[in-house]
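One line per chain: the protein sequences are A and B, in this order.
Residue numbers for the first sequence follow the working numbering, so the first one is 5 and each next one is one higher.
Residue numbers for the second sequence follow the working numbering, so the first one is 3 and each next one is one higher.
Possibly wrong hints are sitting among the right ones.
What the hints assert, rightly or not - Simulated pairs of lysine-lysine, DSS-like, Cα-Cα distance not exceeding 25 Å:
{"no.": "1", "chain 1": "B", "residue 1": "K255", "chain 2": "A", "residue 2": "K189"}
{"no.": "2", "chain 1": "B", "residue 1": "K255", "chain 2": "A", "residue 2": "K74"}
{"no.": "3", "chain 1": "A", "residue 1": "K214", "chain 2": "B", "residue 2": "K171"}
{"no.": "4", "chain 1": "B", "residue 1": "K156", "chain 2": "A", "residue 2": "K117"}
{"no.": "5", "chain 1": "A", "residue 1": "K133", "chain 2": "B", "residue 2": "K156"}
{"no.": "6", "chain 1": "B", "residue 1": "K255", "chain 2": "A", "residue 2": "K56"}
{"no.": "7", "chain 1": "B", "residue 1": "K179", "chain 2": "A", "residue 2": "K214"}
{"no.": "8", "chain 1": "B", "residue 1": "K100", "chain 2": "A", "residue 2": "K108"}
{"no.": "9", "chain 1": "A", "residue 1": "K116", "chain 2": "B", "residue 2": "K255"}
{"no.": "10", "chain 1": "B", "residue 1": "K255", "chain 2": "A", "residue 2": "K117"}
{"no.": "11", "chain 1": "B", "residue 1": "K179", "chain 2": "A", "residue 2": "K133"}
{"no.": "12", "chain 1": "B", "residue 1": "K255", "chain 2": "A", "residue 2": "K37"}
{"no.": "13", "chain 1": "B", "residue 1": "K161", "chain 2": "A", "residue 2": "K117"}
{"no.": "14", "chain 1": "B", "residue 1": "K161", "chain 2": "A", "residue 2": "K133"}
{"no.": "15", "chain 1": "B", "residue 1": "K170", "chain 2": "B", "residue 2": "K156"}
{"no.": "16", "chain 1": "B", "residue 1": "K161", "chain 2": "A", "residue 2": "K108"}
{"no.": "17", "chain 1": "B", "residue 1": "K156", "chain 2": "A", "residue 2": "K116"}
{"no.": "18", "chain 1": "B", "residue 1": "K160", "chain 2": "A", "residue 2": "K108"}
{"no.": "19", "chain 1": "B", "residue 1": "K160", "chain 2": "A", "residue 2": "K56"}
{"no.": "20", "chain 1": "A", "residue 1": "K116", "chain 2": "B", "residue 2": "K160"}
{"no.": "21", "chain 1": "B", "residue 1": "K156", "chain 2": "A", "residue 2": "K56"}
{"no.": "22", "chain 1": "B", "residue 1": "K255", "chain 2": "A", "residue 2": "K108"}
{"no.": "23", "chain 1": "A", "residue 1": "K74", "chain 2": "B", "residue 2": "K156"}
{"no.": "24", "chain 1": "B", "residue 1": "K179", "chain 2": "A", "residue 2": "K56"}
{"no.": "25", "chain 1": "B", "residue 1": "K170", "chain 2": "A", "residue 2": "K56"}
{"no.": "26", "chain 1": "A", "residue 1": "K133", "chain 2": "B", "residue 2": "K255"}
{"no.": "27", "chain 1": "A", "residue 1": "K117", "chain 2": "A", "residue 2": "K56"}
No wet-lab data here; the hints were simulated from the structure.
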Amino acid sequence: MSGLLSINHIKKNFIIDKKQVEVLSDISLEVNKGEFISIIGSSGCGKSTLLKLIIGLESATDGQITLDGKPLVEPSELCGMVFQESRLFPWFNVEQNIDFGIPKSVGAAERKKRIDEHIALVGLTEFTKARPNQLSGGMQQRVSIARALVGQPELLLLDEPFGALDALTRINMQQEILRIWEAEKTTMVLVTHDIDEAIYLGDRVVVMSKRPGAIKKIIPVELSRPRSRTSENFAVMRQKVYREFLEESEITPDYYI
Amino acid sequence: MINQKKKVGNSGVFTELVLPVLFPLLLLFVWETLSARRIINPAILPAPSSIFSTCWSMLTSGEIARHMRMSAFRVCSGFLLGSAGGLVLGILIGLFHKIDRALTLIIGVLRPIPMIALIPLFILWMGIDETSKIAVITVGSFWSVLINTIYGIKSVDKKLVEVAFILKKSRMETLLKIVLPAALPSIFAGIRLGASNAWACVVAAEMIAASSGIGYLVMFAREVSQPDVMLVGILMIGLFGLLIDFLLVHLEKRLLRWNETETKD
Chain A
5 MSGLLSINHI KKNFIIDKKQ VEVLSDISLE VNKGEFISII GSSGCGKSTL
55 LKLIIGLESA TDGQITLDGK PLVEPSELCG MVFQESRLFP WFNVEQNIDF
105 GIPKSVGAAE RKKRIDEHIA LVGLTEFTKA RPNQLSGGMQ QRVSIARALV
155 GQPELLLLDE PFGALDALTR INMQQEILRI WEAEKTTMVL VTHDIDEAIY
205 LGDRVVVMSK RPGAIKKIIP VELSRPRSRT SENFAVMRQK VYREFLEESE
255 ITPDYYI
Chain B
3 MINQKKKVGN SGVFTELVLP VLFPLLLLFV WETLSARRII NPAILPAPSS
53 IFSTCWSMLT SGEIARHMRM SAFRVCSGFL LGSAGGLVLG ILIGLFHKID
103 RALTLIIGVL RPIPMIALIP LFILWMGIDE TSKIAVITVG SFWSVLINTI
153 YGIKSVDKKL VEVAFILKKS RMETLLKIVL PAALPSIFAG IRLGASNAWA
203 CVVAAEMIAA SSGIGYLVMF AREVSQPDVM LVGILMIGLF GLLIDFLLVH
253 LEKRLLRWNE TETKD
C-alpha cells in the first residue's frame with residue numbers, strides 16, 4: 005500500500021456577504037494507488053469543493069494536498085476530472101473531444117492510437133465521428149470519461165458523474181466505470197450522494213458531515229467484487245452507511261432496513 | 003419533427019409552397035388591373051408590366067449592372083473593414099475587463115447615433131468620393147458585429163473553459179478552440195445584421211452624394227420624374243439585400259452545423 009494522494013489538514017473558507025464561511029474544516033485523507041474511494045455527503049457538505057481543490061480549480065485556505073509526494077496547487081496532467089455534466093464541446097465530434105484531453109507534447113501517431121484505444125474502452129467505436137448532440141446522456145458521459153482518461157492520469161476525480169442520468173443508465177454506467185477501473189488501474193475518487201453507488205463502487209466510503217464540511221467516518225467496504233446490490237452483505241453495508249448519514253442529516257428514520 | 007413533416011398532405015404543400023408565390027401574384031394582378039383602368043395614376047405608381055419592361059431594358063443595357071457593381075464594391079469593402087474591426091475589438095473587450103471598462107462609456111455614447119447623421123461629417127472629413135461612403139458603411143456594419151461579439155464571448159459557458167483550464171491548455175488554444183467557437187453563433191448573428199446595415203448605409207450614402215450606385219439611380223430617377231426607374235431601383239435594393247442574407251444564412255448553416263438542435267432516435 006502506497007499513498008498516491010494525500011490530503012493534509014485542508015481548510016477552505018469562502019467569503020459570503022463579507023463574512024468568512026468555513027466550508028471545509030481540517031480534512032485529512034490518504035488515497036492509495038489503485039484504490040477506489042467514494043465520498044458521500046448531503047448537498048452543501050463541501051464534497052465537490054474538495055475535488056475542486058485537488059484538481060486546482062480552487063485553492064485551499066490552509067493545508068496541503070500532494071500527489072505522488074509533490075504538492076498540488078494547479079492543474080496537473082497526473083490528475084483528470086469528470087463532472088456531473090459531460091462538458092463536451094458541441095463543435096467537436098467524439099474523436100476531437102477526446103483528442104482535446106491529450107497533452108500537446110504527444111505526437112500525431114501516438115495521439116491517434118490513444119484516441120482509438122479510449123473510444124474502444126468506453127464502447128463508442130461506431131460513434132467516432134458523431135457530434136455530442138447526436139449522443140444520449142450516458143454516451144456523452146462515456147466520451148467525457150474517455151477525454152479525462154486519454155491523458156493517462158494517475159488519479160481520476162469523478163464529481164457526481166452519473167447524477168444526471170436515469171436510474172437504469174446509472175447502473176449501467178457504474179458497471180462501466182468499474183470495468184474501466186479494473187482495466188486501466190487508475191486511482192479513482194468519486195463524489196456522490198447515492199449510498200448504493202458509493203458502496204457498489206468504493207473500496208472505502210468516506211462519509212462527510214456538513215457546516216463545516218468534515219470527514220465524519222471512513223467505512224471500508226469489505227465486500228468481494230463483483231458485488232451484488234441485492235446480497236445480504238450489501239444490505240448490511242447499506243445500513244451502516246445509512247446510520248452515519250441519517251444521524252448527520254438529523255432526520256429520524258421512520259423505517260428500518 | 004421529421005415525422006410531422008411527412009404527415010403534411012396536399013393542403014400543407016399549398017400553404018407552404020404555393021401560397022407564398024400565389025398571393026404576391028394575385029396582388030400584382032390586382033395592381034395591373036387597377037392601373038389598366040386608370041384607377042392608379044401611372045405618374046405616381048406605374049403598372050407592374052411597365053416596371054417589368056423598364057427593368058428588362060435596364061438589365062439588358064447593363065445600366066443596373068453598372069450601378070449594382072458600384073454599390074456592391076462599396077458594401078463589400080466597408081463591410082469587410084467594419085466587421086473585421088468589430089470582431090477584433092469585440093474579442094478584446096470580451097476577454098479583457100480593463101479594455102471593456104475603458105471603452106464602455108464611449109461605446110454607449112457613439113452607438114445610438116444614426117448612420118445618416120454621420121454622412122455630412124464624413125463628407126467634410128474625407129471628401130465626396132469613395133472614402134467617405136466606405137467609411138459610413140464601415141461604421142454601419144461595425145456596431146452590430148462588435149456588440150454581438152462581446153456578448154458571444156462574455157456568455158461562453160464557464161464550465162467549458164474550466165475543462166480547458168484543468169487540461170492545462172494555453173490561453174491561445176483555449177481562445178481558438180473553445181471561446182471563439184462558442185461565441186460563433188452570436189458573432190454570426192452580428193455579421194448578418196451588419197451586412198443588412200451595410201446595405202442600408204450604402205443606399206443612404208449614395209442618395210446624399212454620389213454619381214453612381216443603386217441609391218444614386220433612385221435619386222436621379224426622382225429628379226427626372228421616372229417612377230418606373232425608381233421602383234426598379236428600389237426592387238433591386240430589396241432583391242440584393244435578400245441575396246446577401248440568403249448567402250450568409252447558408253454559410254452559417256455550413257459553419258455551425260453543430261449548433262442545430264438534433265434529437266437522436
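Query raised in the report: Going through the earlier hints one by one, which of them does the structure break, listed in rising order?
Result: 1, 2, 3, 4, 5, 6, 7, 8, 9, 10, 12, 13, 17, 20, 22, 23 and 27
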